[in-house]
Each structure stands twice: as structure tokens, then as C-alpha cells.
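*Asks:* Protein sequence lines correspond, in order, to chains C and P.
The first sequence lines up with residues 11 to 207 when you count with our numbering.
The second sequence lines up with residues 11 to 207 when you count with our numbering.
To be clear, the hints were calculated from the coordinates, so they are not data collected in a lab.
A portion of the hints provided could be inaccurate.
[To be verified] Rough simulated footprint, nothing fancy, chain P against chain C, three-plus residues with beta-carbon under 8 Å:
#1 69 to 80
#2 126 to 137
[To be verified] If you only want the chain C side, here are some residues facing chain P, beta carbon under 8 Å, derived:
#3 Ala14
#4 Asp19
#5 His59
#6 Ala60
#7 Arg61
#8 Glu62
#9 Val176
#10 Ala180
Ideal placement from N, C-alpha and C gives every residue a C-beta, glycine not left out.
Number of protein chains: 2
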Amino acid sequence: MQFARPLADLIAQLERLPGVGPKSAQRLAFHILRTPEDDVRRLAEALRHARESLRLCTECQNVSETATCPICADPTRHRREICVVGEPRDIASIERLNEFKGVYHVLHGLLNPLDGVGPDQIKVRELLVRLEGQVDEVILATNPTIEGDTTALYLAKLIKPVGVKVTRLAHGMPVGGELDYADNATLLSALEYRREM
Amino acid sequence: MQFARPLADLIAQLERLPGVGPKSAQRLAFHILRTPEDDVRRLAEALRHARESLRLCTECQNVSETATCPICADPTRHRREICVVGEPRDIASIERLNEFKGVYHVLHGLLNPLDGVGPDQIKVRELLVRLEGQVDEVILATNPTIEGDTTALYLAKLIKPVGVKVTRLAHGMPVGGELDYADNATLLSALEYRREM
């Protein structure tokens with residue numbers, strides 16, 4: 011015997027989360043046992059509700075409660091500029107600037123052939139479909155990492171023949187860094203000096 | 011607008027966990043969105059079930075599904091030796107050795123006056139009640155940290171006048187370390203060379 015079964019079950023479930031090893035799973039589990047029951051119920055409900063109620067926006071593929079996300083549904087955003095990002099959380103980084111008034115496209119991943127992530131594993135086809143409409147510019151805002159640069163190059167090659175202007179966030183950001191961690195000033199200059207590809 | 015509401019809710023709930031900051035809460039939340047619905051339901055259920063079904067053993071105060079925990083209910087364990095530990099997880103460390111055949115007492119904390127943890131905040135009174143029965147030895151197996159040593163000293167002073175032998179795990183363990191992280195050999199020698207206080 012080690013732990014009571016419900017406790018062992020909880021530890022096993024927590025260990026499956028990214029970045030949570032056996033020791034931190036134990037610590038989290040014991041924390042849960044000391045947490046008021048109502049709070050634990052709220053956490054359990056938030057997990058289930060988030061997973062069950064959220065889907066991908068049919069236009070930009072961002073995580074959304076509705077078929078069309080609030081940004082795509084906003085009539086004041088112009089649809090001729092599409093900012094392409096790797097993950098939904100990257101949208102929050104750009105929205106924070108209050109500068110970009112176009113719409114987004116979330117790839118849900120970056121090209122990484124070694125890990126078996128090719129164009130079919132991310133939302134590339136969905137982006138091409140959108141370019142059939144009236145689009146003036148595609149801003150490639152993937153991370154300035156190897157995967158992000160590879161993805162940007164790949165998309166630029168694919169999109170330019172369609173006749174749409176393709177730009178990339180300026181390398182004002184520290185190379186190898188992640189969009190998600192950039193400060194506003196750096197991101198802002200990167201957006202301002204975006205260069206055509 | 012930043013995140014869809016169910017997602018923002020989930021991030022807020024995850025941020026309340028110990029060691030989970032805003033960034034890791036976001037990462038965990040997006041991981042949840044990519045996890046199969048059944049797995050998320052299982053995690054939510056494990057959280058709720060662990061919190062709702064577990065209580066403290068009426069004898070040793072360990073976390074248990076039943077009024078008396080499996081160790082206290084085991085007729086082959088002798089009740090004349092009580093091993094006192096700070097947290098339920100410390101029991102697993104000692105049980106792993108397959109050496110100790112007595113029973114446990116979980117304090118659920120260690121004395122820490124600066125944090126306002128005095129004898130009334132941990133399960134000291136419950137330990138004294140148990141000493142009214144037939145007890146030959148109390149082994150103080152609290153962590154060899156300032157809080158653990160303080161707690162051991164305090165308990166030794168309290169218990170010795172009752173006429174019960176009080177021992178402390180030998181300092182075979184690295185000072186300042188935690189029981190929870192000790193390897194078996196170290197813990198075993200610490201148990202073997204326990205000294206009377």
C-alpha cells in the first residue's frame with residue numbers, strides 16, 4: 011500500500027500534464043486535498059467546460075466559444091490583412107499592442123519535419139482557402155525560431171505566386187526567443203519594421 | 011478581448027495551484043484544449059473524487075478512504091511503535107524500505123512560529139491521546155530542517171515525561187534535505203541509527 015486509491019488516481023492523472031513529474035504531481039495532489047471542496051469543484055468544472063465548450067473559429071482557427079470568434083465577427087476589423095501565428099496564445103501578444111486592426115490565422119503548430127509536423131499537420135490549407143477572398147497582405151508572425159522561420163519561408167513561397175503581399179515580423183526580437191515572452195516595445199518595433207518576403 | 015471566457019476561467023483556476031504562474035497556467039490550459047475529451051473528464055473526476063472521498067484516518071491522521079487507514083487496520087503492524095511524520099507523503103518514503111512494522115502519526119505540518127504554525131495548527135493533541143494507550147517508542151521522523159528539528163525537540167520534551175521512549179531519525183541524511191527526496195540507503199541508515207532523545 012502507498013496512497014489511498016483516489017489519491018493515487020489523482021497523482022496518475024496529474025502526472026500526464028506537460029511539465030509535471032511524479033514529485034510535483036504528488037505535491038499538487040496533496041495541495042488539492044487541503045483545498046476547500048468548492049474550489050476543487052470549480053477547477054474540475056473549468057477543465058471540463060473549457061474542453062467541451064471550446065472549438066476552432068471556422069475562419070481564423072482560433073479557439074472560440076462561437077462558430078466565428080469575436081475578432082472575426084468584429085465589423086471594425088479589416089479582413090484584407092491576415093496576421094499568421096503559430097498558437098492561439100500568440101494572438102493575445104499582438105492584441106496587447108492595440109495596433110493591429112486586421113484579422114488572424116492560427117496554424118496550431120509550426121513546421122518541424124524531425125517531429126513529423128508537415129504542412130498537413132497544421133492549418134495551412136485553411137489559410138490558402140482564405141486567400142481566395144480579397145486579401146492585400148499576409149503578415150507572418152510565427153516565432154523567430156528555426157521552426158517559425160521555416161514555416162514563414164514555406165508559407166511565403168506558397169502565397170507569393172497567388173499575388174498577395176507577404177511580410178514577416180522584423181527581427182527586432184531576440185533571435186531564438188518566443189513571441190509569447192516578448193515585451194510590448196520589442197513586439198511593436200517588430201510589427202512596425204516588418205519586411206516583405 | 012483576450013481569450014474565450016471558458017479558457018480564461020480555466021487559466022484563472024490553474025493559476026491558483028502552487029508553483030503555477032500565469033505563463034504555465036496558459037500552457038497547461040492550451041494543453042487541456044488539445045487533450046481528448048475523455049482524458050480531461052477523467053482528470054476532472056479524479057480531482058473531485060479525491061477531494062470528496064478522502065478523509066483523515068481517526069487513528070494516525072493519514073489521508074484515507076476509510077475511517078481507519080489500511081496501515082492502522084492491519085493486524086500485523088504493532089501499535090507500540092509510532093513513527094511521527096510531517097506529511098502523508100512521508101509515509102510512502104518509509105514504507106518503501108519495508109523495514110518499519112509499527113504505525114504512523116501524521117502531523118500535517120511542522121512547527122513554524124514565523125508562519126503562525128504552532129502546536130494547535132498541527133496534529134499534536136491527537137498524538138498525545140494515542141500515547142494514553144500502550145506505546146513503547148515514538149520515532150520522530152520529521153524532516154531534518156529547522157522546522158522538523160524544532161518540531162522534534164518540542165515533541166520530545168512533551169512526550170518524555172509520559173514515560174515513553176522517544177527517538178529521532180539519525181542524521182545520516184543531508185542536513186537541510188527533505189525526507190521526500192532521500193534515497194533508500196540514506197533513509198535506511200537514518201532509521202537504523204536513530205538516537206534516543
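*Asks:* Determine for every hint whether it applies to the structure shown.
*Replies:* Against the structure, the hints come out as follows:
no.	hint	in the structure
1	69 to 80	holds (count 5)
2	126 to 137	violated (count 0)
3	Ala14	holds, 5 Å
4	Asp19	holds, 5 Å
5	His59	holds, 5 Å
6	Ala60	holds, 4 Å
7	Arg61	holds, 4 Å
8	Glu62	holds, 6 Å
9	Val176	violated, 27 Å
10	Ala180	violated, 24 Å
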